[in-house]
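Could you put the whole structure together from the sequences, leaning on the hints where they help?
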Amino acid sequence: MKEEHKEGAHGHKEKYKYGMVIDLDKCTGCGACMVACMTENNVPFRKDESNKLVSTAWMRVFKATNGKSYPDIDVCYFPRPCMHCEGEHGHAPCVSVCPATATDYNYETGIVSQIYTRCFGCRYCMAACPYHARYFNWWDPVWPDKMEKALSPDVSPRMRGVVEKCSFCFHRFQRARDHAYAEGRREIREDEYQTACTQACPADAIIFGDLNNPEHKVYKLKKSPYAFRLLERLGTNPKVYYLSTRSWVRRAGDNYLAGERSK
Amino acid sequence: MSLGRRGFLQFCLGAGAGITFSPLPWKLMDDISIWSQTFRGIPIEVPVPPVGEVNIEKSVCTLCPGGCGISVRKIKNRAVKIEGAEGHPINDGGICILGVAGLYQLYGGARVKGPLKRAGNRGEGKWEEISWSAAISEISKKLSQIRRNGSAHTVACISGKDRGTVPQLFKRLLTAYGSPNFISMPSSEDTERLGLKLMQGEDASVGYDLENARYILSFGSGLIDGWGSPVRVFRANSAWREEAVKGLAKVVQIEPRLSNTAAKADRWVPIAPGTEAALALGFAHVIIKERRYNKNFVMNHCFGFEDWTDNSGKVHKGLKRMVLKDYSPDVVSEITGISVSKIVALAREFARAKRPLAVCGRGKGSTPEGLQEFMAIYALNTLVGNINKTGGVRALPEVRTTAWPGVAQDAIAKRGMNQPRFDRAGTKAFPVTESLFNQLSGLMNTGKGAYTLSALLVYGANPYYTAHDKAAVAEALDSIPFIVSFSSHMDETAQHADFILPSHTNLERYEDVPTPAGLNVPIIGLSRPVVDPEYDTKHVGDTVIALGKSIDGIADSFVWDDYESLLKETMGGKWDTLIGEGYWKDAGYSPAAWSSGFKTPSGKFEFFATGLYRAGIRSHNDNDYLPRYKPVVLEGDPGSYPLVLIPIESTRLADGAVANPPYLTKTVADTVLKNNDIFVEVNPKTAAAYGLSEGAVAMLKTPTGEVKVRTHMYEGVRPGVVAIPTGLGHSAYDDYLSGKGVNANEVIGTVEDPISGLDIAWGSRASLVGII
Amino acid sequence: MDSALIPQGVKRCPFPQFALWIGFLSIFMLWAVVAAGVAWIKGLNTTNLNDYFGFGAWITADLAVIALGGGAFFTGFMRYILGIEDFKHILNFAVIIGFVCYSSALVILGLDVGQPLRSWFIFWHANVHSMLTEVAFCISCYFTVLTIEYIPLVLENRQLDKIPLVHNFSHNLHRIMAVFAATGAFLSFFHQGSLGGTVGVLFGRPFGFREHFAIWPTAFFLFIISAMACGPCFTILVTRITELITRKKLVKQNVIAKLAKVSGWLMVAYLALKMIDTVYWAMVTLPNMGVSVMDMYPESPFTIWILIAELGFCGAIPAIILITEKGRNNNFLLVPATILSCFGAILNRYVMTVQTLALPVLPFDKFVNYIPNWVEWVTSLAPFVYLALLISLSYRYLPVFPQEKELNP
Amino acid sequence: MSAQHEKKESAASSPIVIVFFIIGLAVSLFVGWSIFPKLLYSQKKQPIDFSHSIHLDAVGDCESCHFFREDGSFSGIPELSNCVECHEEAQGEDPEEIKLIENYIEPNKEIPWLVYSRQPDCVFFSHAAHVKMGELECKTCHGMIGESDHVEIYEENRITGYSRNIWGKSIGGFKSNTWDRMKMDDCAECHEEHGTNQACFVCHK
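Residue numbers (the numbering used here), protein chains in the order written: chain A, 1 to 263; chain B, 1 to 772; chain C, 1 to 409; chain D, 1 to 205.
No lab work stands behind these hints, which were simulated from the structure alone.
Here a beta-carbon is modelled for each residue, glycine too, at the ideal position from N, C-alpha and C.
Check each hint, because a few of them may be wrong.
[As the list claims (entries may be wrong)] Restricting the straight-line Cα-Cα distance to at most 20 Å, the calculated cross-link-like pairs of lysine-lysine (PhoX-like) are:
id : chain 1 : residue 1 : chain 2 : residue 2
1  : B       : Lys246    : A       : Lys220
2  : A       : Lys47     : B       : Lys674
3  : B       : Lys126    : B       : Lys113
[Stated by the list, open to error] Covered stretches of chain B, going by a simulated chain D footprint (3 or more residues, C-beta under 8 Å):
id : segment
4  : 32-38
5  : 676-688
[Unchecked claim] Label pairs and their calculated CB-CB ranges:
id : chain 1 : residue 1 : chain 2 : residue 2 : range
6  : D       : Lys44     : C       : Phe186    : 46 to 54 Å
7  : C       : Thr303    : B       : Ile772    : 28 to 36 Å
8  : A       : Ala258    : B       : Gly770    : 30 to 38 Å
Here it is as structure tokens:
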């Protein structure tokens, strides 16, 4: 693999730029990605999770309709992880607002972090995120019976009162990097670092990889004429791309004025 | 100012200066900062998961019959994650929502932690802990006694499935014991196997070559809502989507509601509920009339297409005559609510398509379809000649394993086995059917059974929850004086048992997994113990062997030391492959050629099911032997029940014997479940007609029962239809599951297929009345 | 009973009556303390806040009390920096109001965080790019300034003043008060602004986001001016209420009128700038994001009327009253004008906080509204009771109004 | 107060008050530097007095017990199974070895070692990155522990619950060797020097 070190606008080394392409034509809305994410990342559950406004799901599947009546109605699912916005030069909407530097933009991977032990729960980042990708721990996490045994040591469980979000399964990157280092390699192969949702997706609708690497699948897919991103016009510069052959779905990905043409 | 005061001040000043230049405040600040970061809550402390060596164990998931390969990530002895096994022929790395949540089955609530004996009244929840040896000896004493009394045939077993070594062990137990009453829970596979036996003469399941099909005509099958082996179908669907972009594939979903399958399909055909067979025959009409069928196949390898004459010289009606006469697009349009032009266009498309495939089995396929309905849909595949072809259908044989030594039946056993089955399967009433769970409640509650059942063993099934007309089933089963459950979890059925002999969960035991429904190649999977048993449970196979050894007079049939050696012996030469790969696939399998493919007396594919006649079903109407649409008469009069209720089956809610883990409930939308209220979907037009608004509380009444629901308006439901989600409304298990919503089976009754006797209720008549 | 503590030469109500009144206020305060305790101990799940409304009643209350408390810094600024001597007659009172507002704001901010034990990380691990950091720093510093400004007044209590050390100390403090006032004014300009910036920088939220001028979003400047305008109004309003309750004239009309005039003209300036800002936002900012201004006012309670109420009823009307001489000298016009002005400020802060979050940004997302629960209501309204409490105590025992003796011989 | 009075008083008391100041200073410095650390840390004994030097002589290198697994993860503190390899039966008469066998090997119980370098749960430390790629020696962070004859007393911070070795033995936080402290700042310092990534998601999880 060719080693690519791009100089970012602020002089940061951009080694990788991890991102996702989600094929909405293939996505069946089955929800496996949500649960794969929860079980991978030690996200707890409560007895009643039906109030979706206080229910943590790093990966959440939104349901969108074309707004038409029977029988012309159409439905599409939008799986929504954290977009790991790059903004302009790494200024994601949430990063610069955090008063305690509990979240940052990693220029080497393009991943927006969240450090639970630093966060004190002011929720300013949640107000900043238009995707609702950030979740607050309203309750103490409880794992009933022996569920505590199923906790992964790779991801630190969160205490009540802090904000959490999708990390692109960054611990898997760390794992892959350890493995590569142990074998004397510096570069991580595409298949070595995949997020839990990508791996689980039974429809292979989620593709993950380095958006800067021409050999990765995402590099090509993001250039598809059917590709779009959510709320691109806000300037969030997200790293999650969506594909859909249905034009109403592509239009549903962003806001447009009446009569304005969409992509 | 006094000296003392000034001195004190100076002392303080000095102390202040000293403290500042000592580490005390700074170190304290730092420590408090660390403490506040790692402060993990009072009184609930957030756990720190211990680290350790990672082990990956391969196994096969048995939470549904899908047979996906899984790889379980372990940290030392803890299983921390279930993932799809890369390279597995069924799921190749993918995993469904239930599989990935599977650790809840192991570590979560409601596990039965050891053998239990009922202490209070039935269903009261009072139990006495009992040792395994005591439990087995008490149960075998009871069963020995029944046997001695000459009532061996009154012992029944309800099993979730009938294929695989564990169900076969139960069957063997009954055979040696002297009871014909091995009953497996029904599914659409039952009808399909029956259909194949009649039309192709084979004891086999239908294999759908979805991966290679390019025009998929789905008659209500929830292809991406959990039908068949779910991950495998998802993967096929993704392949269709890739081809569809290039214009090379098309999926048409025929269903009254815009399900996920319908939404992802290229075309949704909203049909009147329950009229799929009519539409299939309408398509057949167009195909036959326009001579678009595969002439070679139909003329040379089919029987009963044209009229035929029997040995007595009587002329019988063929499919062609019947379809052309009875199912013109006009008639079908009237029945199905689909326009004539659409019927004609779809029929032409299907017939013209490269590798077309018609699929049946509504929703997840948990309710059987009518036999003639299956024949009608399957006939479409026949007409286009895709039987045993790439992208078509095939009769998939069972993987051959080493046969067990014959059952040593004594006189009691032989006498018992000669008794008719309680459920009337295989009797004169329903000669072609093997097992009829749905007949139980009717026969028992009316006292019309040939005899009364005195004991019941339940494994891998939860009839108190999953059966239609839940109340009637509960009443019937409650009347059996002795029930033994082998469940790992405190499900509704275990709750009503007298003994619970908890079995290991899927991650704690060996088990073979037979070819899942609908798959296109014969395969066998091996589920393996991934972790040591968490509780004092036992492999169900070992329990059955132990029972067999201790019930008087049948021990000779149970010669194995334990289940593992039995399994190894049964798998024979395949064992090493199973241990190594986790599955054994019949690599050399290919469907038979047309000339040798049919085991019917005619050696041909039979549109006209002569097998029914041979089995003793006599009718003067030839239509009774042919694919046909016979309207299902739902209970209740349309006046008081103006709406039609259909179930919504979704991957996000497990509605079978394996209950929904809380992770799944968490993903369910608040328009399905809010607090403890279930939502039914209705078209806004229907809602307006009944004065219901979004979220309104209403009474959903059917002839079977009535439940309180809330309404969710959804444009994707046909007007006049109410759709209710399945998989909610448990009354057992733990607080994370029970009391949430309503069990759809409380309001869906049973409808008997006239030929097979299976319950084919795809819905119910219903009314929806708002409560203010 | 407590006559020895009461300043010389003024009349106060009998002690039992006063005790009853304090007791009454304390009950409510106790309720608020219970609510705060519930939130702190059991966590924020006891509120109606959720993942869509990370900010709610508390942040609204924070922004609002700081705007209303703006009278303190602005009066101080006019008195000490601009040298308008008249304002010294009301400055003490403005400082008390400011003290209450800022201490309330700090407590509410402390309530609003999920991990109160770590709330000091905002200083310990400060991110200088965050508007909230700026807010926290400035509010804390300015609260210290207000405390320093308030202490001399406390020390002027008849009994305390008898202690020579205390007397000298407060005397010396008085001399350097101008320095603190200047510092306070400087800090206040920043944090009033950064409160506006808090919402103004959220480029993921079309309703709140504003274009930047220099390094600040325009909301930064608007918040400063609106606080300068409504702060004095609140001071006037509270003065009038105090006068009503005590049935005494406490501040001369010319002082009030002058303050009202300044406030009025600032409101005019604010309205003009706010109009320009709103028009630019509606015509340029929003269309670039693909939304029209009417998308921002989709349904009740967030219809266009909320904007009209804010700028018209609670903006233009009080401004007109305040800038006309007749208006500001007529109590029946002045008091409603100050009420409207204060309400306008609260409404503005509410809209900037809650409406910003209520409007879905993702096209397929739902509009969600939020209503605070009792924990939030009680704690958010507590500042007003706390204000009554502190004013009652200060008025009784401290020489708050220099003109009181003169006006009530 | 008259000027005379004032002068007299200051003249008379200034040397004495300075003494008070000095006493205050001395006492607080003593408390801060000497008493405080004693109060701050509790002392705990390791379950077995393990000698690194004897084992190092016997097995030759650190990697025999502290090894990398195939997946690149680091084994850290050896498990009992490592010990069993040699100590299934007593090799000598050392009372510590007998303790090992009687208390742990025979009942097959893991030894509850107190880990000097234990970091909070939110920390991700990659030995592979530092040892394999960074080519750091063990002692760069762990010091001379490999040469020790006895395990030192484990001092646990009563507030944080972590070992004293994290902050370092010097209560003032002074460090003369790279292995003297193991705080985030020490990591960051080295990362800064080597131009390695400083983002949160490098060392945190």
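- Indices of hints not satisfied (ascending): 5
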